[in-house]
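Visitor: Sequence:
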Amino acid sequence: MDLFASLQEKINGKNIKIVFPEGAEPRIIGAAVRLKADQVLEPVLLGNVDEIKAVALKNGLHVDALTIIDPNNYPAADFKAMVDAFVERRHGKATAEQAESILRDGNYFGTMLVYLDKVDGMVSGIVHSTGETVRPALQIIKTKPNVSRTSGAFIMQRGRERDGERYLFSDCAININPNAQELAEIAVQSAKTAELFDIDPKVSMLSFSTKGSAKSPEVDKVVEATKIAQEMAPEYQIDGELQFDASYVPSVAAQKAPGSEVAGHANVFIFPELQSGNIGYKIAQRFGHFEAIGPVLQGLNKPVSDLSRGANEEDVYKLAIITAAQSLQ
Numbered sequence: 003m004d005l006f007a008s009l010q011e012k013i014n015g016k017n018i019k020i021v022f023p024e025g026a027e028p029r030i031i032g033a034a035v036r037l038k039a040d041q042v043l044e045p046v047l048l049g050n051v052d053e054i055k056a057v058a059l060k061n062g063l064h065v066d067a068l069t070i071i072d073p074n075n076y077p078a079a080d081f082k083a084m085v086d087a088f089v090e091r092r093h094g095k096a097t098a099e100q101a102e103s104i105l106r107d108g109n110y111f112g113t114m115l116v117y118l119d120k121v122d123g124m125v126s127g128i129v130h131s132t133g134e135t136v137r138p139a140l141q142i143i144k145t146k147p148n149v150s151r152t153s154g155a156f157i158m159q160r161g162r163e164r165d166g167e168r169y170l171f172s173d174c175a176i177n178i179n180p181n182a183q184e185l186a187e188i189a190v191q192s193a194k195t196a197e198l199f200d201i202d203p204k205v206s207m208l209s210f211s212t213k214g215s216a217k218s219p220e221v222d223k224v225v226e227a228t229k230i231a232q233e234m235a236p237e238y239q240i241d242g243e244l245q246f247d248a249s250y251v252p253s254v255a256a257q258k259a260p261g262s263e264v265a266g267h268a269n270v271f272i273f274p275e276l277q278s279g280n281i282g283y284k285i286a287q288r289f290g291h292f293e294a295i296g297p298v299l300q301g302l303n304k305p306v307s308d309l310s311r312g313a314n315e316e317d318v319y320k321l322a323i324i325t326a327a328q329s330l331q
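The opening position of the sequence shown corresponds to residue 3 in the numbering used here, with each subsequent residue numbered one higher.
Simulated from the structure, these hints should not be mistaken for laboratory data.
Since no wrong hints were added, every one of them can be taken at face value.
Beta-carbon label-pair distances, calculated as ranges: (1) A98 / H267: 51 to 57 Å; (2) E102 / K12: 35 to 41 Å; (3) N14 / G94: 39 to 45 Å; (4) K194 / A83: 31 to 37 Å; (5) D72 / D119: 17 to 23 Å.
List time: in silico DSS-like cross-link candidates among lysine-lysine, alpha-carbon distance up to 27 Å: (6) K229 / K213; (7) K229 / K258; (8) K320 / K12; (9) K258 / K217; (10) K229 / K144; (11) K38 / K19; (12) K194 / K213; (13) K144 / K120; (14) K55 / K320; (15) K55 / K38; (16) K194 / K19; (17) K146 / K229; (18) K12 / K146; (19) K19 / K82; (20) K38 / K120; (21) K146 / K320; (22) K144 / K12; (23) K320 / K144; (24) K194 / K144; (25) K16 / K146; (26) K16 / K144; (27) K120 / K12; (28) K55 / K19; (29) K82 / K95; (30) K120 / K55; (31) K16 / K38.
Ideal Cβ positions, reconstructed from N, Cα and C, are used throughout, including at glycine.
Just need the whole structure built from these sequences, with the hints factored in.
Guide: Next comes the structure, spelled out in structure tokens:
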């Protein structure tokens with residue numbers, strides 16, 4: 003089944019609400035109008051109502067059916083409740099006065115709507131940086147138990163849906179140089195994300211070494227991370243350290259990693275640090291003509307997704323569907 007048809011089937015009829023803090027951005031408005039018209043989910047736009055309507059009119063879009071919330075004109079009682087909840091969540095790191103100012107920011111306001119269960123997830127980042135999108139989520143929503151930090155995965159797909167290829171690459175967006183424990187957590191979270199996208203995870207812990215062919219602290223980290231991940235989630239097939247060719251090509255796997263259930267059949271690729279992950283997914287995207295969908299943020303208690311600032315309307319539409327599906331996990 004088509005990936006997004008499968009995801010839409012999962013969220014259909016659930017009345018899932020996704021908030022978009024960058025509500026006056028034309029690409030966001032266009033995607034929100036489509037999501038509402040297609041009855042996929044309930045989009046909520048944040049921003050000045052008149053500005054959003056003016057941008058919509060300029061772009062030939064009709065937003066009368068959409069929910070629009072202006073953080074600067076939120077009902078006083080509801081805003082006070084939000085401020086109180088924020089102060090409590092931050093454990094004294096912000097006063098009520100500071101919170102009132104902070105929560106006028108769309109990303110913080112949107113994240114609080116998620117935290118307070120007013121909406122089910124948030125999509126931002128088409129104007130804001132990754133830090134501006136992720137920081138409120140880490141401060142307010144926070145990570146799941148046994149997960150020390152969030153990470154960013156990309157769904158990589160190419161060819162026709164039924165006989166094409168679909169893989170998951172991680173972490174390609176967040177953690178510059180994770181240690182062994184963090185890398186293991188990323189691997190386990192990535193396996194869970196893969197299942198959401200109908201991928202039966204076979205997780206390769208990537209390195210420039212395969213099963214001891216090279217010695218270095220960098221290799222040792224991957225070896226240790228593999229052992230930790232296997233202990234954390236024995237239900238998943240996780241193996242390493244593996245070079246990419248040993249992970250992907252059965253004939254190479256037979257030579258370099260005989261007996262491995264993952265080598266030669268991997269579909270979830272865990273990069274040892276951000277440089278290689280970011281470079282790797284972009285090489286696959288540009289040279290291999292894969293569609294890169296994401297980044298999908300993993301490990302948070304509730305879903306927040308970070309768009310690329312170069313994203314188009316279709317990217318927004320798809321990432322909103324992914325975020326809605328994540329809310330059901």
